[in-house]
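Asks: Each chain, written out:
2 protein chains.
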Amino acid sequence: MVMRMSQLFVRTLREDPADAVVPSHRWLVRAGYIRRVAPGIYTWLPLGLRVLAKVEAIVREEMDAIGGQEVRFPALLPREPYEATNRWTEYGPSLFRLKDRTQADFLLGPTHEEMFTLLVKDLYSSYKDLPLTLYQIQTKYRDEARPRAGILRGKEFVMKDSYSFDLLEEGLAASYELHRQAYTRIFDRLGFDYVVVQAMSGAMGGSRSEEFLALSEFGEDTFVRSPGGYAANVEAVHIAPPPAVDASAVPAAAEIPTPGAGTIDALVTLVNESVPRADRPWAGADTLKNVVVTLKYPDGQREPLVIGLPGDREVDEKRLEAAVAPAEVEPFGEADFAAHPELVKGYIGPVRLADGGHVAVLGLEGEAKVRYLLDPRVVDGTDWITGANRPDTHVVHLVKGRDFAADGVIDVAEVRDGDPAPDGSGPLELARGVEMGHIFQLGQKYSQALDLRVLDQNGKLQTVWMGSYGIGVSRAVAMVAEGTCDERGLCWPRHVAPYDVTVVSAGKGDAIAQESERIATELAALGLEVVWDDRNVSPGVKFADAELLGFPTIVIVGRGLADGVVEVRDRQTGDRQSVAVADAVAYIAEQCQG
Amino acid sequence: MVMRMSQLFVRTLREDPADAVVPSHRWLVRAGYIRRVAPGIYTWLPLGLRVLAKVEAIVREEMDAIGGQEVRFPALLPREPYEATNRWTEYGPSLFRLKDRTQADFLLGPTHEEMFTLLVKDLYSSYKDLPLTLYQIQTKYRDEARPRAGILRGKEFVMKDSYSFDLLEEGLAASYELHRQAYTRIFDRLGFDYVVVQAMSGAMGGSRSEEFLALSEFGEDTFVRSPGGYAANVEAVHIAPPPAVDASAVPAAAEIPTPGAGTIDALVTLVNESVPRADRPWAGADTLKNVVVTLKYPDGQREPLVIGLPGDREVDEKRLEAAVAPAEVEPFGEADFAAHPELVKGYIGPVRLADGGHVAVLGLEGEAKVRYLLDPRVVDGTDWITGANRPDTHVVHLVKGRDFAADGVIDVAEVRDGDPAPDGSGPLELARGVEMGHIFQLGQKYSQALDLRVLDQNGKLQTVWMGSYGIGVSRAVAMVAEGTCDERGLCWPRHVAPYDVTVVSAGKGDAIAQESERIATELAALGLEVVWDDRNVSPGVKFADAELLGFPTIVIVGRGLADGVVEVRDRQTGDRQSVAVADAVAYIAEQCQG
Numbered sequence: 005m006v007m008r009m010s011q012l013f014v015r016t017l018r019e020d021p022a023d024a025v026v027p028s029h030r031w032l033v034r035a036g037y038i039r040r041v042a043p044g045i046y047t048w049l050p051l052g053l054r055v056l057a058k059v060e061a062i063v064r065e066e067m068d069a070i071g072g073q074e075v076r077f078p079a080l081l082p083r084e085p086y087e088a089t090n091r092w093t094e095y096g097p098s099l100f101r102l103k104d105r106t107q108a109d110f111l112l113g114p115t116h117e118e119m120f121t122l123l124v125k126d127l128y129s130s131y132k133d134l135p136l137t138l139y140q141i142q143t144k145y146r147d148e149a150r151p152r153a154g155i156l157r158g159k160e161f162v163m164k165d166s167y168s169f170d171l172l173e174e175g176l177a178a179s180y181e182l183h184r185q186a187y188t189r190i191f192d193r194l195g196f197d198y199v200v201v202q203a204m205s206g207a208m209g210g211s212r213s214e215e216f217l218a219l220s221e222f223g224e225d226t227f228v229r230s231p232g233g234y235a236a237n238v239e240a241v242h243i244a245p246p247p248a249v250d251a252s253a254v255p256a257a258a259e260i261p262t263p264g265a266g267t268i269d270a271l272v273t274l275v276n277e278s279v280p281r282a283d284r285p286w287a288g289a290d291t292l293k294n295v296v297v298t299l300k301y302p303d304g305q306r307e308p309l310v311i312g313l314p315g316d317r318e319v320d321e322k323r324l325e326a327a328v329a330p331a332e333v334e335p336f337g338e339a340d341f342a343a344h345p346e347l348v349k350g351y352i353g354p355v356r357l358a359d360g361g362h363v364a365v366l367g368l369e370g371e372a373k374v375r376y377l378l379d380p381r382v383v384d385g386t387d388w389i390t391g392a393n394r395p396d397t398h399v400v401h402l403v404k405g406r407d408f409a410a411d412g413v414i415d416v417a418e419v420r421d422g423d424p425a426p427d428g429s430g431p432l433e434l435a436r437g438v439e440m441g442h443i444f445q446l447g448q449k450y451s452q453a454l455d456l457r458v459l460d461q462n463g464k465l466q467t468v469w470m471g472s473y474g475i476g477v478s479r480a481v482a483m484v485a486e487g488t489c490d491e492r493g494l495c496w497p498r499h500v501a502p503y504d505v506t507v508v509s510a511g512k513g514d515a516i517a518q519e520s521e522r523i524a525t526e527l528a529a530l531g532l533e534v535v536w537d538d539r540n541v542s543p544g545v546k547f548a549d550a551e552l553l554g555f556p557t558i559v560i561v562g563r564g565l566a567d568g569v570v571e572v573r574d575r576q577t578g579d580r581q582s583v584a585v586a587d588a589v590a591y592i593a594e595q596c597q598g
Numbered sequence: 005m006v007m008r009m010s011q012l013f014v015r016t017l018r019e020d021p022a023d024a025v026v027p028s029h030r031w032l033v034r035a036g037y038i039r040r041v042a043p044g045i046y047t048w049l050p051l052g053l054r055v056l057a058k059v060e061a062i063v064r065e066e067m068d069a070i071g072g073q074e075v076r077f078p079a080l081l082p083r084e085p086y087e088a089t090n091r092w093t094e095y096g097p098s099l100f101r102l103k104d105r106t107q108a109d110f111l112l113g114p115t116h117e118e119m120f121t122l123l124v125k126d127l128y129s130s131y132k133d134l135p136l137t138l139y140q141i142q143t144k145y146r147d148e149a150r151p152r153a154g155i156l157r158g159k160e161f162v163m164k165d166s167y168s169f170d171l172l173e174e175g176l177a178a179s180y181e182l183h184r185q186a187y188t189r190i191f192d193r194l195g196f197d198y199v200v201v202q203a204m205s206g207a208m209g210g211s212r213s214e215e216f217l218a219l220s221e222f223g224e225d226t227f228v229r230s231p232g233g234y235a236a237n238v239e240a241v242h243i244a245p246p247p248a249v250d251a252s253a254v255p256a257a258a259e260i261p262t263p264g265a266g267t268i269d270a271l272v273t274l275v276n277e278s279v280p281r282a283d284r285p286w287a288g289a290d291t292l293k294n295v296v297v298t299l300k301y302p303d304g305q306r307e308p309l310v311i312g313l314p315g316d317r318e319v320d321e322k323r324l325e326a327a328v329a330p331a332e333v334e335p336f337g338e339a340d341f342a343a344h345p346e347l348v349k350g351y352i353g354p355v356r357l358a359d360g361g362h363v364a365v366l367g368l369e370g371e372a373k374v375r376y377l378l379d380p381r382v383v384d385g386t387d388w389i390t391g392a393n394r395p396d397t398h399v400v401h402l403v404k405g406r407d408f409a410a411d412g413v414i415d416v417a418e419v420r421d422g423d424p425a426p427d428g429s430g431p432l433e434l435a436r437g438v439e440m441g442h443i444f445q446l447g448q449k450y451s452q453a454l455d456l457r458v459l460d461q462n463g464k465l466q467t468v469w470m471g472s473y474g475i476g477v478s479r480a481v482a483m484v485a486e487g488t489c490d491e492r493g494l495c496w497p498r499h500v501a502p503y504d505v506t507v508v509s510a511g512k513g514d515a516i517a518q519e520s521e522r523i524a525t526e527l528a529a530l531g532l533e534v535v536w537d538d539r540n541v542s543p544g545v546k547f548a549d550a551e552l553l554g555f556p557t558i559v560i561v562g563r564g565l566a567d568g569v570v571e572v573r574d575r576q577t578g579d580r581q582s583v584a585v586a587d588a589v590a591y592i593a594e595q596c597q598g
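Residue numbers (the numbering used here), protein chains in the order written: chain A, 5 to 598; chain B, 5 to 598.
Fair warning: there could be bad hints in the mix.
Identical copies go unnamed one by one, so any copy, or any two together, can satisfy a pair.
In silico EDC-like pairs for lysine to aspartate or glutamate, Cα to Cα no more than 16 Å straight-line [said to hold, decoys possible]:
(1) K132 with D460
(2) K322 with E334
(3) K58 with D192
(4) K132 with D538
(5) K464 with D133
(6) K103 with E148
(7) K300 with D340
(8) K125 with E224
(9) K449 with E173
(10) K103 with E551
Hints are computed from structural coordinates only; laboratory data are not their basis.
Put together the whole structure using the sequences plus the hints.
Replies: And the structure:
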């Protein structure tokens, strides 16, 4: 059936939407594929819905190919299962919560680990039933603080989520690998330029996890990769700690006056003047910076945390958020300093030097009440300049292990271009991407919490090993658009395009209209999806719309008709061919199907 | 691809679910098509989801065939549009309401009139853009007070809703008729035994509306039909009022003592003794019963309402609810009687006889404060026995129009088998059904409230005429099951069955397994959807499961194999054929595709 452009429910817009910051958002709105209802909430218009359906079909095919069985859970879910795993609380403000008319608590599902675990527990009981992979393609909800970029990060979105169930840990590894391969095929078919990186498990729990990131300068995820093949989300980078240092020759710690040394740079300049080193000048990396923040836990409790790291590095906010989740990070304000007089703003350090010894201000020992975590580079024997816990005063030669200790390690310093890869595979390069897929080895977190056990070959109950695997399906539509659009609009790959071809009647007169309709109808009869632009507007408007809408093949039936030819344009390459009218249908069909 | 039963995610259950009251619910749960998550909230298991997808495909085809264009709105919707039409309030407790992290109000869409109206207003502006029909197949939410019968009435369900937009009222009539025909084709294809009845528009507003009711003894809707073709939901029955009566010969109204006449029967017995009629005995139909209820409006206001109707009929609760919607009906309790001393419980009547005249207690005149509506049978000139507004006292010969008046008419008396059809087409017959589809001529309610206007041929703005049309898609799955199941389980029509055929290996041994697999594989290669029951359980269990699961064709590969035959059973007719192994695939394919 030929869709007439005069009847297609679409309006192309000449202006960018006011809130558009990324190209896919701009073009999907301007081309009439999606329409905003509220921040982060969009309607799929006919063209957009057709692309979504094609992406869904690719995902479904590849999930079926690895033996996945499709189910569909409700989005409206009772509180209890999420209470059992503590996610009702841990999800924090990103979870949409509501009550029904009986005041019972419900949520709108952001992800369905609990429900799948309970379903399998409900129906299965034996090792013979495993392995099992279930999936759904379903609407999900997250109350995003900063919905952005159209359908790239919305409050309501379509996800494919799947879950694997295995008797043994090795089975989980195999199911995980199957998903990894299926995801590779899916993203290959969608035509993404993507990279697979090690990832944090975050609120999911579990052990191994990887992300499929589409490369994009607009990406919210920063990742690193090395020439030797290491690749990780920066949140998941665990640096290789250097070996301990022999500090037997380091002089005793001593206080020095440092009035006005408000920055690391000023401090370094000052110590190079007042206590110069013999071997080399002091550098920012010789200072131990102590950053204090407040952690807010899901139960509402707050706690100060001091992070000690080399002074030439900043704390990476996203690495910190990932490391302390589900706690949230808040600033440590004036009132907090007032409540902790032991922390002298600008001069925080792990110890205070007192008559013949050290009083621990931070960390494990003595009276210290504030938790203190150190960057992994701060190994035993390292020699630091740091705050003395007195105004205008620092300590030099404070040695880790000799003069101070900490409560533990926290690996949240910024990762920089050129840093060595943790696995020794060379210098790291930083890049940005959009998370398209995420695969998790959940392990037994959910099966333990919800008591999913099956009988093994010996009649013994075994806790099931689970994996969970997600693909942002609506986000993928945006990313295909993002990766293929140009300065004239959308430019769909053939296998996800809403229509294969548009036949443009470029000019007035019955001959043009009749010939356009004939070509469109014959193409449709061959199984192609065809739009006929039959509108009573100028050829220029039609050409611009055709390029904006992004159908792969554009057929122009216009002035050339007098000479017995039509023009066939390839939207992506820009190639234009004059084709004899008699050959047109066969030629176009070959272009579209070839 | 052949699905092996040993791998299919399904567990058949031998016991009925505790809350099952209708066969479709029982069988869909026992056969592992759906699984309950919470009251009115279900998960679609693989088999159920396949049926749902097939029903969706039929609906989509027929909507496309009448030029409908598919879109998809979010389920999470902002409050404002529903505020503009007052439905945020009018929907009452059936609407799921929630807040996002900024405390903005949202709802989960129960139906999308507002959103479609705004979308068309957003993109279209000219008569040239019309007519237009948009539809979606989407998950919807209603906080049902009494979710029941599995997926038949749930809190989360799948609906097809469509909306038509026309410049003129005649255009709306044409769009409505197109939908009516499409719905007829859809329900014919689904194999329903259904009836199209006149319906109330309810909270939708608008004028003409009809329901497609599947006939079912478990239906919540009661409808009537006549031999002459009248058919209506009882809520929508408007009785034909009888002509006015000449009351010139009726004696003056008079009070009579009626101690202990607490029921209509007792009253009739008593008046036949104390004030017998000359022409015939008094009957219940001679008494005017006055029923008092409280109306509760969406804004929280309450108001008493007295309904006067012939004493031989009851008020029909559903007809009353429909008539007063969006107000709700509550009992008029002791405290209410205390607040209205003019209403003497058991002796309520429209007037109190006083010295030489009547004091209006109910209705328009004088001091009356309580609203009074009359059954349409109570026409001018009719002669009644009714309450005297004094304890133990009634009035006889109280004549409508002569002795009392009312504020209006309310047609909420029960409809009875044998009542005349309002259009004179014969006696009514009562039956029950389940609402499968509902079509509405909305008129201009939403386009006026949300200002959807387009320019007409003369450049004048015209308010658009709208229709709205719904089909319960998930409910249709239940009703197909309901209409086809038998005492052994489900029994799917071929075009919605999750699989076409199941090949059962009935017995041990390699020969049976190999031949089963070969037949299954060859059938799958022909494009059939095949389950091979390869499980290591007894033939008896497999036969019972095959019948419970309801695949249309069952192939038994068992003892007959030694004689070179397999058995082919038709699940619906029970027909069993022995077929030579060599002919089996061709024979089965013909059965399935024929």
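Asks: Take the hints in turn and mark each one as holding or not.
Replies: Do the hints match the structure? See the list:
Within a single copy, K132 and D460 get their C-alpha atoms as close as 8 Å, which meets the 16 Å cut-off; across copies the closest is 68 Å, which misses it. Within a single copy, K322 and E334 get their C-alpha atoms as close as 13 Å, which meets the 16 Å cut-off; across copies the closest is 56 Å, which misses it. Taking the shortest Cα distances, K58 and D192 sit within 16 Å of each other inside one copy (15 Å), while across copies they are farther apart (29 Å). When the C-alpha separation of K132 and D538 is checked against a cutoff of 16 Å, the pair qualifies only between copies, where the shortest distance is 13 Å, while the shortest distance within a copy is 60 Å.
When the C-alpha separation of K464 and D133 is checked against a cutoff of 16 Å, the pair qualifies only within one copy, where the shortest distance is 15 Å, while the shortest distance between copies is 68 Å. For the identical chains of this complex, K103 and E148 are inter-copy neighbours only, at 13 Å across copies versus 20 Å inside a copy, given an alpha-carbon limit of 16 Å. In the homo-oligomer, the alpha carbons of K300 and D340 lie at most 16 Å apart inside one protomer (13 Å), although the nearest pairing across protomers, at 53 Å, exceeds that limit. In this homomeric assembly, K125 and E224 never come within 16 Å of each other (Cα to Cα): the closest approach is 37 Å inside a single copy and 35 Å across copies.
In this homomeric assembly, K449 and E173 come within 16 Å of each other (Cα to Cα) only inside a single copy, at 13 Å, whereas the closest approach across copies is 61 Å. In this assembly of identical chains, the alpha carbons of K103 and E551 never lie at most 16 Å apart, being 47 Å within a copy and 41 Å across copies at closest.
In summary, the numbered hints that this structure violates are 8, 10.
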